[in-house]
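Peer 1: Take a look at the letters that make up each chain.
There are 2 protein chains.
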Amino acid sequence: MSSDQRHDERYRARGVSASKAEVHAAIATQDPGLFPGAFCKIVDDALTGSAEHCLVIHADGAGTKSSLAYLAWMEGLGDQVWAGIAQDSLAMNLDDCACVGALGPYLVSNTIGRNAKRVPGTVIAGIVNGYQRMCDLLSDHGIDCRMTGGETADVGDLVRTVIVDSTVTTRLRRDRVIDAARMAPGDVIVGFSSTGLAAWEDLPNSGIGSNGLTGARHELLGAVYRDRYPESYAPEIDRALVYSGTHSLHDLLPGDVVTVGAALLSPTRTYLPLVKRLLDEIPAADLHGLIHCSGGGQSKIVKFGALGRATGNRYVKDGLFPIPPLFQAIQSASQQGWAGMYAVYNMGHRLEAVVPPSRADACLAVAASCRIDARIVGRVEDRGLPGNEVVVRTSHGEFRYT
Amino acid sequence: MSSDQRHDERYRARGVSASKAEVHAAIATQDPGLFPGAFCKIVDDALTGSAEHCLVIHADGAGTKSSLAYLAWMEGLGDQVWAGIAQDSLAMNLDDCACVGALGPYLVSNTIGRNAKRVPGTVIAGIVNGYQRMCDLLSDHGIDCRMTGGETADVGDLVRTVIVDSTVTTRLRRDRVIDAARMAPGDVIVGFSSTGLAAWEDLPNSGIGSNGLTGARHELLGAVYRDRYPESYAPEIDRALVYSGTHSLHDLLPGDVVTVGAALLSPTRTYLPLVKRLLDEIPAADLHGLIHCSGGGQSKIVKFGALGRATGNRYVKDGLFPIPPLFQAIQSASQQGWAGMYAVYNMGHRLEAVVPPSRADACLAVAASCRIDARIVGRVEDRGLPGNEVVVRTSHGEFRYT
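Chains as they are written, first to last, in the numbering used here: chain A, 1 to 402; chain B, 1001 to 1402.
Hints were generated in silico from the structure; no laboratory data involved. Just so you know, nobody snuck in bad clues.
Covered stretches of chain B, as calculated for chain A (at least 3 residues, CB under 8 angstroms):
1. 1036-1049
2. 1059-1069
3. 1111-1118
4. 1137-1147
5. 1152-1158
6. 1168-1175
7. 1230-1238
Just so we're clear, the structure is a prediction, and the values are computed from it rather than from any experiment. Ideal Cβ placement from N, Cα and C applies to all residues, glycine included.
Same shape as in the complex, but just chain A (with noise of 0.2 angstroms):
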């Protein structure tokens, strides 16, 4: 059994179905919208029958961070922490929405789920509250993202402590959508860091977004906190599996200078403000895609392009970034295997523009407008076969994902 496989094992142990392949199969039978090789799913514009638009409506959430976020705040980190989960929620959902070109107005509706015996009203009050200050952050710089409500339901019998979703609406014009399918051989990847301080953060990035979390919480940090918050993690799990690390929340991440428990709960970085300026300054048709590399990592790309040929894409990542000390550290203690690791997490960048090479200028300028680092990671060749692949050539190794 190799070292993914292995980890597999350990994902699912803890309740996460690594590939979602059978959560796949149970909605395949689904309308795939109106452009099935976009990022995003969209729809016909049902709610005034234009012809010439189209919907978004797209649903996503912080995941577990929150769980992480409770032991946080539990162990006198904040409420901040609840600030920053609202921005994971409403982050993995408007930049996926971004993916296809859709820049709002965006509309939001927050669902969170709670145990009233754990999670008190002022944590509610601190994820509101964190929902509206990323509205106005998104303001300043000319996008219209607002609240439009929600629900907030006491299920202490489904959650063990608290879960924060969001759905966002919003409409666009059909000729102005990214169709990812319309990524071919001869584009190139432009990544964009996910670490670092974009101009509109105030605290340095750790690169985490939401994805992975429940394993970078279980394999970091150590057993003191299995006994103090039975409530963070299914009772279920292994024993042997619960925050198997040796970190506390307020150890120096290695290689870092911020603390491990500052590190995974980074807020997830927002791209708009840099795709704004890409879809000013691209004219669409070059465009070819924007891959927001959530779950699946560097291997999301290989869902998407090349619709209409008979051969697939293959996806070439020779350009990466170093790999941020973060996701080093998971790796360094989980011993998970590097063809894993990739396929989980970002390792350095969280999303990608898939264009000509004579754009490849335009996107690192407006990367360093934003004060966002960005390199040319990889390149579209011909697979020649039927099918996409992805192929991530490294210091540790090439791996190949399907």
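Use these hints to put chain B onto chain A, whose structure you have.
Peer 2: Relative to chain A, chain B alone:
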């Protein structure tokens, strides 16, 4: 301490905040929308900029009813329980929207969180298919409801089994909004039964809907399930409060011909076809209010009406339906005070229309055409004091809610 105060403590001990007052306080600073007195929050149509239209973006879910579905599914009651949960999640949502006069097209996004160790892809498929079945049913009644996608997240550290929420986006003309603020002295309250077999239903409805299920499950079901399914409740609950009743799922519900399991899992009735006919039969100016008696039960209406007047409304309900067997059984098992019962459960009707007396017959005729029992359950009076009040007069006593 009153019987109802004791029960508030039982709710809290089970992770449910009966009043949600602290949650309402947490969100009190949010913009109340275009019609602050309407049943749902209504916002500007930022999607098109039309000043003549408005949007309703609404979130709700099946609550802890999914924990009961899990238990029943494990006990062999079959996959159809999951279609019922999808109906619960959707009906709770759509019926809220209908109360402001929004009758679609409805665009539905679902958010499902699961523990992948407990809940396989077949369950997700059952839920997703259940949503589609509900859309098809509504389509048969001329109501356009479409699934637009959603998110299934593996969050085993947060969710013990599965949580099923949905978010609905819809749009309507501002001059068609039913603004419950207009409910005024002189109006009558027509209740539409939550039980029986509506024209569009296959099985008689117990009336339960998706409210109060944490209490109902634990008060009715017996301790055999406590040891068998620890994943179906919060481990922090005092063991004496977990499945503290005497029934098995397969017991006949006292006074009825269905089982306790079937009655508790009875899918939430949607009143949409009835509301559609009401809007056809009654001029908008005379439909002063439609109230979905969901969380808050028969006291729900107290939050609405009398806007712009110095004195509040008194909603006198002295002609309620006989109490359905399931609510009788819950009270009998729990010994909860009747005042609390009426403030948690709908006790017989889950929808009420508030209209001038001249329109009551039209309401009753529409209900008859839907094969739903209806009756004038009460009236609106001038309270003579600021603030609204509900007075429920029953054979068990008179109860007041402010």
